[in-house]
Amino acid sequence: MFGIGFIVGPVLGGMLGDYGLRLPFYFLVREQWPGAIWLSVVAVYLVAVPLVLGLRFARAVEN
3 MFGIGFIVGP
13 VLGGMLGDYG
23 LRLPFYFLVR
33 EQWPGAIWLS
43 VVAVYLVAVP
53 LVLGLRFARA
63 VEN
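Residue 3 is where the sequence shown starts when you use my numbering, and the numbers rise one by one after that.
Derived by calculation from the structure, the hints in this document are not laboratory data.
Where a beta carbon is used, it is the ideal one built from N, C-alpha and C, also for glycine.
Errors might be hidden in some of the hints.
Said to hold, decoys possible - Derived CB-CB ranges, DEER-like:
1) Pro12 with Pro36: 17 to 23 Å
2) Phe8 with Ala38: 21 to 27 Å
3) Leu55 with Pro12: 17 to 23 Å
Working from the sequences, and respecting the hints, build out all of it.
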């Protein structure tokens, strides 16, 4: 079974990258700071991983 981070990270990376849909704020910083894409993906993982782990442990406690 895959966690939500396996889905959210690449999808958001595609939305912010050169080949997918782009979010408006990325246009503003892309030329000045190309590393913003990596920071955005790391931020998503920092939110998604605890969420996945919390849901997994909550389900284990219920059983």
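Here is how each hint holds up against the structure:
Roughly 19 Å separates the CB atoms of Pro12 and Pro36, a value that falls within the hinted 17 to 23 Å. For the pair Phe8 and Ala38, the beta carbons lie near 22 Å from each other, so the given range of 21 to 27 Å is met. Between Leu55 and Pro12, the C-beta spacing of about 19 Å keeps the proposed range 17 to 23 Å intact.
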